[in-house]
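There are 2 protein chains.
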Amino acid sequence: MSTRPTTRDRIVHAAMELFADKGYGATSIADILSRTQTNSGSLYHAFPGKQDLLLAVLDAYRTGIGPMLLEPAWGVVTDPIERIFALLAAYRGMLATSDCTYGCPIGSLALELHEPDPPVRELLAANFQAWTAAVEANLAAARERLPVSADLPALAEFVLTVMEGGVMQARTYRDLGYFDRAIAQLRHHFAGLAALAEKEAACA
Amino acid sequence: MSTRPTTRDRIVHAAMELFADKGYGATSIADILSRTQTNSGSLYHAFPGKQDLLLAVLDAYRTGIGPMLLEPAWGVVTDPIERIFALLAAYRGMLATSDCTYGCPIGSLALELHEPDPPVRELLAANFQAWTAAVEANLAAARERLPVSADLPALAEFVLTVMEGGVMQARTYRDLGYFDRAIAQLRHHFAGLAALAEKEAACA
DNA sequence: GTCTATAAAAGGATAGAC
DNA sequence: GTCTATCCTTTTATAGAC
Chain A
1 MSTRPTTRDR
11 IVHAAMELFA
21 DKGYGATSIA
31 DILSRTQTNS
41 GSLYHAFPGK
51 QDLLLAVLDA
61 YRTGIGPMLL
71 EPAWGVVTDP
81 IERIFALLAA
91 YRGMLATSDC
101 TYGCPIGSLA
111 LELHEPDPPV
121 RELLAANFQA
131 WTAAVEANLA
141 AARERLPVSA
151 DLPALAEFVL
161 TVMEGGVMQA
171 RTYRDLGYFD
181 RAIAQLRHHF
191 AGLAALAEKE
201 AACA
Chain B
205 MSTRPTTRDR
215 IVHAAMELFA
225 DKGYGATSIA
235 DILSRTQTNS
245 GSLYHAFPGK
255 QDLLLAVLDA
265 YRTGIGPMLL
275 EPAWGVVTDP
285 IERIFALLAA
295 YRGMLATSDC
305 TYGCPIGSLA
315 LELHEPDPPV
325 RELLAANFQA
335 WTAAVEANLA
345 AARERLPVSA
355 DLPALAEFVL
365 TVMEGGVMQA
375 RTYRDLGYFD
385 RAIAQLRHHF
395 AGLAALAEKE
405 AACA
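Sequence lines, in order, name chains A and B.
Letter by letter, the first sequence follows residues 1 to 204 in our numbering.
Letter by letter, the second sequence follows residues 205 to 408 in our numbering.
Please keep in mind that the hints were generated in silico from the structure rather than gathered at the bench.
Computed from a prediction, not measured in an experiment: that's the story for all the values here.
Errors might be hidden in some of the hints.
Said to hold, decoys possible - Derived contacts from chain B toward chain A, CB cut-off under 7 Å, selection only: (1) Ser238; (2) Thr242; (3) Gly245; (4) Ser246; (5) Pro309; (6) Ser312; (7) Leu315; (8) Asp321; (9) Leu328; (10) Gly369; (11) Gly381; (12) Asp384; (13) Arg391; (14) Ala398.
Idealized CB from N, CA, C, for every residue including glycine.
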């Protein structure tokens, strides 16, 4: 099943790391070649140009969101609301082990690329969508604990909103406290929704 | 009072626009020279290098936050909580008139620059801090309408969190709805806090 | 599919006259 | 303080042998 990675895969993997670490524009082809110990001929054999490599990277993030992000985060957690906060805790862990340098690579690219070509923008959006869809599925699983008026898609988007905004501040201040306080506010938000739902249940 | 702008000021102004429009890395010195109709000698006479120009831009944002952002946004609004949402509405307006392209220039730079030199990072943080301080002042003015347990600095940070996260998604999807729904969730959050505060007042 | 060599352009920055 | 001309490096990408 697990055969040795192709040169193409090694290049994509190195590009993922470098784009996350330095940004797309600040990563040169030479950086990628040096990290993978390949020559430009190999890279341009696999990809027409740098932007196509970006597309491959964004596609890898999108298809990897389950096995690389969600499944590890949800290992032992089964409660759907807690799974949402376990996902957020995974981002906290990445910030923590990187000295508040590594946040959300998709968010960084989304704000770095100001006028991305349509295919790039679509893949950025597809990544966000896959993320919020996973959150929304958990919200749906906890439907009875939320007010009937709750807009689940909007609430799932809001979780992403808070994660990205918290990551941005934690990175800027190099202080995990900014992320933690954002998540704490989100906890309060969910607690308020749960209280509303209980009140509704009592009146039914 | 208002004398003709110096060449230095015209360069800073052009750089503000271009950094917001294309990003720092994607803006070349030649771009700035062409927009200001100046020559490289003038730019390098005013600034040692490109990064120093970035510092001047970030400083201009910081000192301009009152007259350029807060005061216009707060023109007719006096209620402190509504002033917070008027500020958010100002960002909505900028997104709307730019086809969801122009969001928060500070946030974009904060995520574009992955390892900014300390002075750059400090100015990014100072911009965030000035913004949240203005929000926090409004929260303090509405102190009696918020629960005694409310953490005003954390709540002010949360407003920034939601704004930045909402801008990111609106820009990525090129859809203002993502921003609007984030703000609507924040409205609910404030409504919940107000309800808590009223309950407290009744029990006192 | 991978190698070396190199083209072709763009980038930041400098020199020195005026 | 502004002008022109230019240096030097980096960058993306290509050519063609193996």
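So, going through the hints one by one against the coordinates:
no. : hint   : verdict
1   : Ser238 : 18 Å, violated
2   : Thr242 : 24 Å, violated
3   : Gly245 : 27 Å, violated
4   : Ser246 : 26 Å, violated
5   : Pro309 : 10 Å, violated
6   : Ser312 : 5 Å, holds
7   : Leu315 : 4 Å, holds
8   : Asp321 : 13 Å, violated
9   : Leu328 : 5 Å, holds
10  : Gly369 : 3 Å, holds
11  : Gly381 : 9 Å, violated
12  : Asp384 : 9 Å, violated
13  : Arg391 : 11 Å, violated
14  : Ala398 : 11 Å, violated
Consistency with the previously given hints fails for numbers 1, 2, 3, 4, 5, 8, 11, 12, 13 and 14, ordered from lowest to highest.
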